[in-house]
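Asker: Got chain C sorted already, so can you dock chain Z onto it with the hints?
Top to bottom, those sequences are chains C and Z. The first sequence: position 167 = 167 (my numbering), numbered continuously. Offset between the second sequence (1-based) and my numbering: plus 1000.
If you are wondering where the hints come from, they were derived from the structure by calculation, not from laboratory data. Keep in mind that a hint or two might mislead.
[Said to hold, decoys possible] Derived coverage of chain C by chain Z (criterion: at least 3 residues anywhere in the stretch with Cβ under 8 Å from a Cβ of chain Z; other residues may be distant):
1) 181–192
2) 198–205
[Said to hold, decoys possible] A partial selection of chain Z residues facing chain C, derived with a Cβ cut-off under 8 Å:
3) PRO1084
4) GLN1085
5) VAL1120
6) MET1168
[To be verified] Here are a few chain Z residues that sit away from chain C, every Cβ distance over 10 Å (derived from the structure):
7) ASN1053
8) ASN1066
9) THR1075
10) HIS1080
11) GLU1089
12) GLY1140
13) GLY1226
14) LYS1245
Ideal Cβ placement from N, Cα and C applies to all residues, glycine included.
Here is what each chain is made of, one letter per residue.
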Amino acid sequence: MSTKTIGSPTSRPVPELLPEQKKRITPKRPRDYVSWAVAVAIVGGLVTTTVTNENYQWPVVFSYFTAQSILDGLVLTLVLTVASMVLGTLLGLVLAVMRMSHQAPISGLARLYITFFRGTPVLVQLIFWFNIAALYPNVSLGIPFTDISTPVDVNALMTPLTAAIVGLTLNQAAYMAEIIRGGFASVNRGQYEAADSLGMSGFTRLRHVIIPQTMPAIIPATGNQVIGMLKETSLVSVLGVAELLNSAQSIYARTYQTIPLLIVASLWYLIMTMALSVPQSMIERRFSRSTRRPAPVAVATKESLL
Amino acid sequence: MKADGTIVARQLHKSFGSHEVLRGIDLSVAAGEISCIIGPSGSGKSTLLRCVNGLETVDRGVLRVNGEDFGYVETDNAYHAVRPQRLAEQRSHIGMVFQQFNLFPNMTAEDNVISGPVLVKKVNRKVAREQAQKLLAQVGLAGCGHKYPAQLSGGQQQRVAIARALAMEPSIMLFDEPTSALDPELVGEVLAVMRDLAHHGMTMLVVTHEMGFARDVADEILFMDGGVAIERGDAREVLANPREKRTQEFLERVL
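Isolated chain C, as found in the complex (with noise of 0.2 Å):
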């Protein structure tokens, strides 16, 4: 022990570190455990109670959780999605065009659609077009100026899927109309005048100039509004169209079991969005290629863009 004391300042040898050669140290503060204990403290009483707690009833949740009627509701709410984002994304073009248009009145009718479209509640628009018929009860569709034409009966056109893919195609369109037109403006006038030095007929540039150079401000954009979608169409449950929501309803109005199935219909939805955040961060990845500097192995191996 005294020998301990006595030789070990003298005979351990002390590492001669000149100052430039020492490591600097940040020491860890309280906040930085803090942070961790209060995270761990909620996360893990969430935990704790939702197995804990019986009114979760997480049997009754995986009973339902592969239910013919939710897995019908399920491809319905795909549906819904797929089908109003192409509509909506077409219908958005032609706006975008619309509105970039030198000649006012038409970038005109674009802005009004537009301001019209987002500045109106969807759930609104969604009821509005299922009780249009009662604006327009009969319409006619017909070619002007002759005979032909053929009347229709608007309230047995408008059933609730109509009037939903309606309603979110329009509505999304709008949205669309500026994520596009925001890809347009993203590209510098430069871009324009080289191709135009060059010879380049207008499609030409469009297509291998412009258009690839949109991508990178569109495409992410798109696919947050596509993950917005698919939660969007949870809406048209109240026109009792029998997607994912309205098919757990439908069963809980039953059973009285509200809360299992709202859970089994949300699990629903973190899954699918959970997935197309996948292909979603890919394709962001591929589109903004040229803006990152990209390892030049990758680079080499790619095939041309032209």
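Answerer: Just chain Z now, with coordinates in the frame of chain C:
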């Protein structure tokens, strides 16, 4: 008469709104001649250059490029704008190099160079690639074809831009302050490529602040101020013994 590499302008006028940028400019560049346009900023020199390949339209005056009226067809009492296809065809004989390079960032250097031949002239892609590799070697960038513009320095980007313009086999090359956006140490490599091009007999119209380049390479200098051609003449003569007072003042400030 086609694509003979000449530029003739008489009494060119151009206004942006109420601001008259070009006020009766005369210009004449013979085939194989190197002409530099100098002058203070806002003097209209870039606008003049951009008129020559139709990035700006001319309000009034005569503009003949490659031996034919550019962008318009002359009739008894007016000039009528040509169709876009015809304008594109005329442009394809004129190469343009921009201050900000304007390479297509979504394409590799080589794809940039072949974009004109493949997309406009419908040249076979394989043939175009071989030509592109030669051109990239000519501007000192052999082996850089697979790189994207973002991976290249400013000087390298500008040399790719020159190769891209050359790939269309133009009879005239226009340069709009090609070194103004470059770091000082990168200016030399771009000027070297331009010198090389000049020695190969290309007709060149160059807006520049590089007086050294103008003195060494240019045949003719046009000094512009306030939308007017103040002085025009043999390059070395104008730089050494400017006749006009405004030219003297400008050269004193920049040299």
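Asker: Against each hint, give a clear statement of whether it holds in the structure.
Answerer: Taking the hints in turn, this is what the structure says about them:
1. 181–192: holds (count 3)
2. 198–205: holds (count 6)
3. PRO1084: 7 Å, holds
4. GLN1085: Since chain C brings a Cβ to about 7 Å from GLN1085 of chain Z, closer than 8 Å, the hint holds.
5. VAL1120: With a closest approach of 5 Å, the VAL1120 of chain Z hint holds.
6. MET1168: Constraint on MET1168 of chain Z satisfied, holds at 6 Å.
7. ASN1053: 6 Å, violated
8. ASN1066: Nearest chain C Cβ is 13 Å from ASN1066 of chain Z, so the label holds.
9. THR1075: 25 Å, holds
10. HIS1080: 20 Å, holds
11. GLU1089: 7 Å, violated
12. GLY1140: At about 19 Å from chain C, GLY1140 of chain Z clears the 10 Å cut-off, so the statement holds.
13. GLY1226: 25 Å, holds
14. LYS1245: It holds; LYS1245 of chain Z is separated from chain C by about 36 Å at its closest Cβ, greater than 10 Å.
Figure legend: structure checked against the earlier numbered hints; hints not met, in rising order: 7 and 11.
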